[in-house]
Every structure is written in C-alpha cells, then in structure tokens.
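Asks: If you want the building blocks of each chain, they are given just below.
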Amino acid sequence: MSLAEVTWSLLNRALEAYGDSPQATAWLRRHLARFHDPVRLAVVGPARAGKSTVVNALAGELVAEPGVPDTELSWYQVRQSRSRQELLLLDTPPVDRDTESRVVEGICMEADAVLYLMRHPQDADLAFLRAVQDHPVARAAPVTALGVLSRADELGGGRVDAIVSARQIARRHRREPGLSGLCQDVLPVAGLAACAGRTLREDEFELLAALAALPKQELDPLLLSADRFAADEARAALLERFGLFGVRLATTLVRRGARGQAALSAQLLQRSGLGELRDAVELYFTDRADVLKARSALIGLEVVLRMEPRPAAGPLLAELERTVAGAHEFRELRLIAALRTGRVRLPEELSEEAFRLVGGYGGEASARLGFEAAEAAGPALRHEAVGALRRWQEYAGNPLLGAAERRAAAVVIRSCEALATS
Amino acid sequence: MASPWLDVLDDTIRACAAHERQDLVDRLRVRRAQLVEPRVRVLVFGEPSQGKSQLVNGLLNAPVCAVGDDLTTTAPVVIRHASEPVATLVTGGDDEARAIEGPGHRPVPIESAAARANADETVVRAEVGLPRELLAKGLTLIDTPPVGAPTARHTRNALAALQQADAALLVSDATKELSSSELDLLTRVCALCPTVVVVLTKIDMVPGWRRVAERNQAHLARGGLPVTVLPVSASLRLAAARAGDTALNEESGFGALVQYLHRDLIGHADLLRRRSVAALTRLTADQLTAPLRERLAAAKETDTDELTARWRAAGRKLEELQRESQRWQTLLSDEVADLVADLDFDLRDRTRRILREVDEYFEVADPAKDWDEFAEWMYENLRAVAETNSNWLLDRFEWIARKIARQVAPRGSGSLRERWLESTQLDDHVGELRRPAIERFGVGQKLFVGMRGSYSGLLMFGLATTLAGMSLINPISIGAGAAFGAKSVFEERGNRLKRRQSAARTAAHRYVDDFFLIYGKESKDTVRMIHRDLRDRCTAVAQELRVEITESAKRIKEVIDTETAQRTARVRELSKSIDELTSLRRRAQSLTAAGTVRGLTA
Ligand SMILES: Nc1nc2c(ncn2[C@@H]2O[C@H](COP(=O)(O)OP(=O)(O)OP(=O)(O)O)[C@@H](O)[C@H]2O)c(=O)[nH]1
Ligand SMILES: Nc1nc2c(ncn2[C@@H]2O[C@H](COP(=O)(O)OP(=O)(O)OP(=O)(O)O)[C@@H](O)[C@H]2O)c(=O)[nH]1
Ligand SMILES: [Mg+2]
Ligand SMILES: [Mg+2]
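These protein sequence lines are chains C and Z, in that order.
What the first sequence shows, in full-length UniProt numbering, is residues 1 to 422, in sequence order.
What the second sequence shows, in full-length UniProt numbering, is residues 1 to 602, in sequence order.
No lab work stands behind these hints: they were computed from the structure.
One should not assume that every hint holds.
[Unchecked claim] Partner residues are not named here, just some residues of chain C that face chain Z (Cβ under 10 Å, in silico):
#1 D20
#2 S21
#3 S225
#4 G243
We put the beta carbon where it would ideally sit given N, CA and C, even for glycine.
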C-alpha cells in the first residue's frame, strides 16, 4: 500500500474511533476533504520580500496586490493548464522573529508546502523554516519547503545578467548545512520581472518594442537609472510593472529577436528564474501531491490523537508512528532534491537513473522505469525493475562508496524492490 | 602643540595605566598616533552587499575595492594618499591570533590587492596608496567587511575598527528601509564614533528611493539619531566618470557626498578629533568606572552585621553571667544551710536511736560482764552512723555541685564549655577515690569530680580519718577506760547491778554525746570547707567564663573596628577614582561643547 492509501485508511479508522466527538470528527473530515484538493502552496517570508509578487507570477494573473502590506492569509487558486497541475496558492502576511507562533502554526497547518522567500540568503531568518519542521511527523523529512531568493535582480545590482549571479549564490546556499537541512532546494527568482512577463499586455509589449528599436546611444542613457527611465509617464508605468531589471531584460530580449508578445513573455519567464521555480514546484510538490497530501493528513491525524487521547485510538497512534518512520516516499523526495542540488554526487549516468527510479520524472512505475506510458506493460516493467535492482545492489556493494552515496543507493534499491514486486 | 584634546587623551591613557588596563593603554596609544597625524580616517561600514566597496570605488573613481554580488569583502582596505599607486597586504600584526607569525607587509599590484586580501585568510588588511585630490587633502578611507555577516569575527573586527575612525559612513541600499538591526548598529556606532552619516546607495535601480530616504530619515529621528541620509549611486558615478558626463555625476549624488567629506569632515578635522577623543574618553572612562562602581557597591554592602550581632550577644552574655553569679551564690548558701540542718537532724536522730537501744540494753545486761561486747557494738554503730551521715553529706554535695554547675556553666556556652570540661578533668587520683559510675560526663559530674579532687584530702583528714580511728576512738577509749576502771570496783563490791547498769548507761550517754559533739563539729567544718571550695571553684569558673566572653567580645570589636576602617578607606579610595574618571569624562564632554557639523550626533 502506498503512503497515501495507508493514510487514507488511518483517517477513516480515526473517524470511527472518534465518532462521538464532534470536534474531532469535523477536523478529520476537513483533512479527508483536503486530501483531494490541489496542493496548497504557501508563499512565506519577511516583510516586502516580494511574496504577493511571486504569488502573482506563479498564478499568471494579478490576483494578489503587491506593494501593499498583507495582514491576513489569502487563497488563490491556480487553474490547471496544459502542462501544469492545479495549485492552491496562499499569500501570507510577513513573518519574522516577532511573529506570533499562532500565525506560523496556522500557516504550517493550512499549507501542504511552502516557498520561503529571502532577499539575502546569508542573513535570512530561518526560524520559520525550523518551525515548519517542528512537528513529529514533519521532522521525519524536510520535504515541503523550497528556499527562494526573491527579488534576485537586486542581488546583482539590476544588471541584465543579475539572475545568473543570483543562481550562483543560490547554488552555494542550497548545499550549505544551514539551508539544505531545512529545504529541498534554493532557487532565485526576479519576481517582478517574472510577474510582468507572465501578465504581459499588448501595449506594454509595444512600448518595449519601441524602446528596443531606439538606437543604442539613445536607449542606454535611459536605462542608466530608474529616475531617468521614469521621466516619461508611460515609461514610469512600465517601470512600475517591470522594474529596471525587467525593462533592461525585456528590451535586450526584444533586440535579440524575441518577436511578438508570446515569445517575449516566454523568454522573460525563463530569464527571470520563474521557469525553474515552476519546474521545482512541480518536481518537488505537485508531481508528488499524494505524498504531500498524506503528510499533511498525518499531521492532522497526529493532532487529533494528541489532543484527544483515548484507548480506542492507541493502535492508531502506533500505526501512525510506524507509517511515518517507514515512509519511503519521504526518503525518495529527499533523494530527488539531494541529487538535484548536488548534495549527493553519483557517477553521471547513475545519478540520472537514480533520479528517474526514485520518481524524479514522475511517480508512476512506467515513468520511473523510463517507459513511455503507452507501451508500458506489466511483465516488461517488472523485468526492467529486476534488472535495475540487480545493478543497484551491485553498485551498493562497492566498499569505496561514501556514507551519503551508500544511503542514496539504499533508497534507490528500496524503490526498485517496490517496482519489481508491484 | 598642547591641544586640549591631546591632554585629555593622555590623561585617559594615564588613567588606564593606573587601573592596570594595559590592553586599553595599547589601543589608545595606537589611536593617539593616528590622531596626531593630520589625517581624517573615514570608515565605510554596513550590512552585507549594501554597496560599501562600490561606494569607495565611486569616491575614488578606481576599482580599488573588490565588488561582488555574494559576500565579498573579508579584509579591510585602508586607502591613503600616495603620489604613485601602491598596494601592500598586511598579515599578522595586531591580530592576536596570528601574532606568532608577526606582522608582514607584502607589496602587490594595486588592481588585485583587494581580491587577494579577501582570498587570503592570513591578511588582516590591505593598504592602498592612490594619487587623489580627496586623499591628498588628508582623508583616509577604510572599506570594511560586512557587519552582521555569518562570521562573527567580521562584526567584531568592524566594531573594533570603528574605534579607530574619525567618522563613519553607514551604507544601506535603497531597496529597503533601514532595518531594526541597522538602527541598533547605528546606536552602537554613535557611542564609538560620533560622526556618522547614512549613505543610501543604489538609488539608480530603485524607482521609489526618495520615499525610502524620507522614511529612513524619519526612522533615525524616531530613534533619537540626528544622522543625515545622503542618497547616492555608485553605478552612475562610475558611468559618469567613464563618459566624462557631469550631469550624470550630479545625478549620482556623489557631489553632495564629496562635499560632505571635504567641507564637513576634512574642514573640521580639529572638531572631529575633539569628538573622537571625547567619545573615546567617555567610552574608556565608562569601561574603567563600571568595575569600580561594582566594587564600591560591594564595599558598601559588606556587612559586619554578623560580627556586630555576635558582639552584642557577648555583651548580653556578660550581663547574664553577672545575674547568674548572684543567683547561684544564694542558691549554694541555701542548699548548704539545708544540708547542715538535715545532717544535724539525721545525726541527732540516729544517735538518739542508739541511746534508746543502750538504755534498753542495760535494762538487763550487766555491764560488768557485757561491756566489751557492748563497746564493740557501740563502736560499730557509731561508726555506721558517721559513715552514713558523711556519705549522705558527700552525696548531697555531689547533687548540689551538679545543680550549681548547671547554673554557672549552662549548656550552649560553646567553646567555653569545652574548655571548662577540660579544666575540671584534672587529678587522676580523684577518679580512684570514687570513680563515677556514669559513662557520659555531664558538666555537673565533672565539676563535682574535680571538686572532690581538692577536698578529698580534707575529707580524708577530716571525716574519713576520724572514722578510721583517731579522734573518734579517743573518747571511746577514755570512756572505756573509765568503764573498765569501774569494772574491777564492781566485781569487788559484789552485785550491785542496778548501779552498774546506770553507770554504764551514763558512760554510754556521755560517750555518744561526745561523739555527737566531735563528729558534728567535724562534719560542719567539712561542710563549710566544701562549701567554700565549691564556691571558690564556681566563682573561678564563672570568672573564667566572664574573662573568656569579655576577651572574645573585645576581639570581635577589634575586627569590626579594623574592618570598618578598611572599608571606609576602600570606599573613599574607590569614590576618589570614580570622581577622577567622572571629571575626566566631563572634560571630554566639554571638548565637543563648541561647534557642530552636519550629520554629527551631538
Ligand atoms: N526589483 C524588484 N522589486 C520587487 C520584486 N518583487 C517585488 N518587488 C517590489 O517589492 C515591493 C513589495 O512587493 P510585494 O510583492 O508586495 O511584497 P510582499 O512580500 O507581498 O510584501 P508584504 O505583503 O508587505 O509583506 C513592491 O514594491 C514590488 O514592486 C523583484 O523581484 N524585484
Ligand atoms: N545598481 C547599483 N548596484 C550597485 C551599486 N553599488 C553596488 N552595487 C551592486 O551591489 C552589489 C554589492 O556591491 P559591493 O560593493 O560588493 O557591496 P559590499 O557592501 O561591499 O558587499 P560585501 O563586501 O559583500 O559586504 C554588487 O553587485 C554591486 O554591483 C549602485 O550604486 N548601483
Ligand atoms: Mg504581500
Ligand atoms: Mg565589500
């Protein structure tokens, strides 16, 4: 049984055991209902970190109002698109050292996953990320948080290549003990430019195109400073939407051949880091929605068992603990991140295969074993799985492996075993 | 060139030496050397990635300091005027941790100086010389590692560096308002280096920088920090320099900053110096005063309460002893009087009984025949009377002695009691005389045993020896002689029994009366002697006790007196030191009384 199935049955058994407690019943029903909702992703961070902007960028429309301090949690649904699964986004009020723990706990209970926004990774306040894991179930695996260097354009002084250098900073931090233990990955995003890119309007594109068409010696002085660029009213509005970095980037992209609104929009998406951020959200969260949902539900269940202990629930508690301790899915998610971020290094081909086997390209058996979904048939899958299992067992037997590699190989073997016996 | 600030600084150094703070002396000496140089040291500091290094580059129009998007600066760069560009890396030196290697100076190409300094752990600073008008006027610029960076070492170094600066520029970029940690930092900095401005950098990339500047100014005002905010853009400044574009240079805001450095800092070097010395002295005086105050408080607090209480208790004890001695003397006299009466009655009673028996005996017995036997009987009986009576005397005295002892040396007189026990444990032979049957020696017992030691001789010669024969035997022998003398007469004259019997009775009566008289007198003498001895001993003990307590009270008093004297001296000394430091601090304060400079915290 998968983690989701086990969890589902646990929740239903708890519902029976707590049939006489209206409060517990309501709570459990809510978690059962949540089970089939889209993943709930909270965007969290200190004041003016760009949370509302990132929410808009992810949503692809101006749902939250950026630039205005938020005071409460607000939900925004992101509809399913061609390639992306549905997502429920949660814009939150700022959290910092002085935030009441009630607010933090509220966010932790409501969300299945979080994006933690930081402006400078070196002085980020990691208390929130620690709070996210401050729960017996959550501690089992830090699989629900992503660190985001928001306003990444500012790290590089607003230069056109700012995101490149921000990426380097992120790369350094995602392997550092501080952040890597608390979140799956650290990614940069220039939220403002990304948001503008995703919600790019016709008139804006035209203005940008006109600017890009100006001779270099005319345009460059304009782009030297925000003050200069905002001298004209239409340009000021554009600056408001894109930021100086966004404008610089957009005009450069148009000059380099981004023809048309859609093309510019797509390129802005990539150049602002939003593309990678969405990929990461998909890889770590929405693709494994069942695991995250199960995790949230287990946390909910643990709360009931702790708040209203009773003899009938005793076996449930034991089973909950066993489930959490043995949840292979969490380990898979951690390994996916470790391989992605380079926290674990395996030889090139093996790294790729490990990533696939533990579900980096999708959790279904065919995706894990590298089959196109259509041609996948039971015996072929099993044969492939047995082959992979043998290869990985052999690899794990190598006495020269380091501790991290050995642990990674063990996780892969366990995944192969599951595939071979399913 | 006796300038007042130099005097104050020298006095401060002397004060540090007087208070044995060599560390402060060393630091101040370094600072003194800097202050007598005609240069203004301006320190650029702030949180990570705020554009500190780029600001310095902008001021000098040269890429002297390493600039990067991630954490960049790890070693300070000190930039002075030089006719030719030069750069040196300083290793070791004043950093204690690396003192083993000693200071080292390594010349390096100027373009790579800062980058090398940042890459090399052992470099404590890079020193750069540049031919620049700004520097030639007497400015030294210092770029520093970020404050609040992950490594606490940087913060500590930056704050230490601040003590050696005449003025400081807090760099904060325009993408956000001053954070609470930056405001905290500013407050701390103002105490170390009172001449500060906030430089708001990167205004080129932030459309709303004017609002940020306004709000920063408001934050500063609210925090009681009258510090000016100067908005600048190093990017624009450098672009302007490259293009020779004066309008752009104007937009960069560097004009105002350079003017501030020129007019307000270099132009007021003497005031800066005074301010620096004032701050330094204030800080040092506070540093020196804090432990003094603690010690002063402690000195004032150390109480002789406990001693005084003990002294008072001793006084009370003495009074009590005085009262007690009256009481036990009376008690002793009363008890002895009772004893004498009782002994007398007992003796009388017993002898009367004997006489009755004598009378009965001679109703029938014939003295002529039975005298010897009678004399034997009589002798034994009187001896028994004397023994019982004198034993009673001894027992009663033992009891009295215990009772008095309890009064004289009551329980709980502590060491005194111990000594008292020792002093009465003399005379081993006493124990042999009459070994007490009680295992545990109570005070009374000891007293009594001790006492007996002295009067046992008396007893021996008085009572016991009497009993043993001599004086008691004499009257009997006489009496007996008389009786025997009569005996032959009786026998010769025939059976005149009645007369013989009456004569024997008379002889016996006389004999018993003699015994009564003699023994009674002996017994009373003994009682008197024991009484006197007991009284003397008790008086001696009480006296000893008194002396003891008086002595200890005197000692306690002495201790109290010397301690009080010492404490007063210490308090006076500490107060004097504190006063001196306070006046030094006041002198420092008055250095800055005149003149104000923009961006200075007064
Ligand atoms: N340069 C730049 N500015 C940004 C970026 N993202 C947001 N901003 C600006 O930062 C300000 C705050 O953005 P918000 O998205 O409202 O930030 P927030 O975290 O939701 O703020 P609160 O809700 O008040 O905590 C706005 O003025 C945005 O224009 C970015 O990626 N780059
Ligand atoms: N747009 C713009 N960017 C700037 C300006 N000044 C600095 N920067 C950028 O800000 C980033 C940090 O600049 P640094 O000068 O290295 O900052 P720092 O405060 O010395 O950084 P640390 O030494 O790491 O503390 C770099 O990417 C610079 O390009 C400015 O005036 N305008
Ligand atoms: Mg917001
Ligand atoms: Mg620097």
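Asks: Minimum Cβ distance from C:S225 to chain Z below 10 Å?
Replies: At about 4 Å, which falls below the 10 Å cut-off, the nearest Cβ of chain Z leaves the hint on C:S225 intact, so it holds.
Asks: Should the hint that C:G243 touches chain Z count as held when the rule is a Cβ pair under 10 Å?
Replies: Holds, about 8 Å.
Asks: Against chain Z, with CB atoms and a cut of 10 Å, does the hint on C:D20 hold up?
Replies: Because about 50 Å separates C:D20 from the closest Cβ in chain Z, which is outside the 10 Å limit, the hint is violated.
Asks: Please check whether C:S21 passes as an interface residue: C-beta within 10 Å of a C-beta belonging to chain Z.
Replies: Hint on C:S21: violated, closest Cβ of chain Z at ~45 Å, above 10 Å.
Hint compliance for this structure: hints 1, 2 are not met, and every other hint is.
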